[in-house]
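With chain A held as given, fit chain R onto it using these hints.
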Amino acid sequence: MTRQLKYVEAIREAINLCMEVDPNVYVIGEGVPDPKGIFGTTTGLQQKYGAERVLDMPLSEDGMTGMAIGSALTGLRPILTHQRVDFALLSMNQIVNNAAKWHYMFGGQTCVPLVIRMAIGMGWGQGAQHSQSLQAWFAHVPGLKVVMPVTPYDAKGLLISSIEDDNPVIFLEHRWLHNTFGDVPEGIYRVPLGQGRIARRGKDITIAATSYMVLESLRAAETLSEVGIEADVVDIRTLKPFDSAMIAESVQRTGRLLAVDADWKTGSFAGEIITSMVEMVWGSFKCPPRRITLPDSPTPTSAALSRYYYPRAVHIVSAVCEMMQIPKERVSLPHETFGIPLDVPDSSFTGPF
Amino acid sequence: MEAQALQQLYYQMLRIRMVEEKIAELYPGQEIRCPVHLSTGEEAVAVGVCAGLSSEDYVLSNHRSHAHYLAKGGNLRAMFAELYGKVTGCSMGKGGSMHLVDLSAGFLGAVPVVANTIPLAVGAAFTSKQKNQERTIVVFLGEGATEEGAFHESMNFAALHSLPVIFVCENNLYSVYSPLNVRQSKARDNCVIARGYGMESFRDNGNNILAVLELAERAIQKARNGEGPTFVEFSTYRWREHCGPNYDNNLGYRAEHEFLEWKQRCPVISFEQRLRRDGLLSDAEICQIKERIGTEIEDAVAFAKSSPWPDENLLLAHIYAERRIDGVAT
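If you read the sequences in order, they're chains A and R. Here my numbering is used: the first residue of the first sequence is 1, the next is one more, and so on. Here my numbering is used: the first residue of the second sequence is 1, the next is one more, and so on.
The shape of chain A in the complex, shown without the other chains (with noise of 0.2 angstroms):
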């Protein structure tokens, strides 16, 4: 029988073999080997591999990420978390003027294996400071690779490799994926970076993803699937590398694409995956492409309002129907079929974050 993990037991397994057979890595963060270890990402490690390996670290996310860089750059390779992005935009001048650019601008002298772990919050009332996403920031900046694992196979094969990776990874965890449960097998092995994933197949629509969108959009398949439309849902697994592409022989395949991507519109990532198909394969659209992001707003607090602010299943039906032109009437919404409110994963989610 398979073995069943948390998401969050994959990328603390992932940690701990990398830390096993690599003495070069270390973990740094703030709140690392407190009692709650980063959502449980990290408890324990300061026990196994002592606090000159696995080490808080004062409130300064600027400095810090300045002071892995250096240390990444004389041999060292370290792993640096957040507990959400938002506190990482304080360290931003160290990730784009030199973790993206010591290798370059250098002549390719030195390099910088670093990975910054940062969590994406949503719903209950995280507001506009816990719930950021930003990965198109990010994967604007030639230099960076951006990952955002979706199952905890690939947490894990992900996070593996970004580890071994001599470049600077940004590696964005959703909330909401943390405590979902996956197979995942012992020992190490890897993901590469720079491949997306089909994670279901369809011949009528493309829809693709990143991070939590994508349980979103296999929700929404589903759904879709008893009306008798297949979507073939891509997880864009890395946005860089970006596995281009995949998408475009999905898009070749089904003649539709809708991009589906928790980011603000203006600038987002969802606007690159529909720019690049449409530089890629035109001719193969049986209609416009269409994105499902944020309102370009930031994120209100109250749930009445989130309602409203984050995209889920029932989004995603809406725009497949209009693309597909059906009647809305004919599908039953997801959040109906599901039951749950719009601002936690699951019924099991009681807070506070």
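Quick caveat, the hints were computed from the structure, so don't treat them as lab data. Bear in mind that the values here come from a model prediction, so they are computed numbers and not experimental data. Wrong hints could be hidden among the right ones.
[Stated by the list, open to error] Interface residues of chain A toward chain R, partial, derived using beta-carbon atoms under 7 angstroms:
id, residue
1, Gly66
2, Thr74
3, Phe87
4, Leu89
5, Gly107
6, Gln195
7, Asp243
Note that CB positions come from ideal geometry on N, CA and C, so glycine has one too.
Here is chain R on its own, set in the frame of chain A:
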């Protein structure tokens, strides 16, 4: 100190002076097509600090890095070629004056965003401690950098973990055209701030090479003994404009007499006079040294001018490291 070592200090300072004067002379020719920040007048800090370091030790620097690079043993030909944007440059023409590097000399790199290399130096010191490398790290920073958050964050962490890093502040009184009194309170004292973070701090005349040397050696010895970081501040003065080859006192942001007073305290000339007075350097020797340096500079400039441009395929090379090489390539 032996005569030879003293002569060596003089030689190093003079060499930096002559290299930068050469850059100022060549710059209007429009062949050096990148911003240059000359450190004419500030040579003693670079030479005095680096004299106590080995090639195993690392130095990181900022936008005004030529002196640090040369004092640490950076290759002169590769530096000129870099300024000329040639593929033989120390960064293959991808860096320019503001991104010098020479790993074989232990010059880990320089970048112009103020204070950016301070935490990187702390990280290199973290590696040194983690891997028991007994390597000392020096980061050169201007007094403007002490206004950045990264400076304070770095000092805090370095002291917390007792890291072998030395923060060398060159206080030249101006950030571009902005004097200290519009940027820092009169009551502020960076040495006191450093002590507040839990490290020793010292201050001295940055135009006196022997004073610099003495403080630097004390800090280096401490780092090597595992006694943690040190902050040292040296007062000094940039003669030329913030960026570019010219003098800019005509702009009125600083007084001509202030400039002339500092010029009187030229670190190179004052040390030369001292060596002459003590009978450690003759006119003939000075001539010989100048000739030797002049020849070396001519060779480096000729090398730069005759070197090939980077090929178009280098544009998209080195965006990502392609194989695992564990940090610094060896």
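Checked hints:
{"no.": "1", "hint": "Gly66", "in the structure": "holds (3 angstroms)"}
{"no.": "2", "hint": "Thr74", "in the structure": "holds (4 angstroms)"}
{"no.": "3", "hint": "Phe87", "in the structure": "violated (14 angstroms)"}
{"no.": "4", "hint": "Leu89", "in the structure": "violated (13 angstroms)"}
{"no.": "5", "hint": "Gly107", "in the structure": "holds (3 angstroms)"}
{"no.": "6", "hint": "Gln195", "in the structure": "violated (15 angstroms)"}
{"no.": "7", "hint": "Asp243", "in the structure": "violated (15 angstroms)"}
Checked against the numbered hints above, the structure violates hints 3, 4, 6, 7; every other hint is satisfied.
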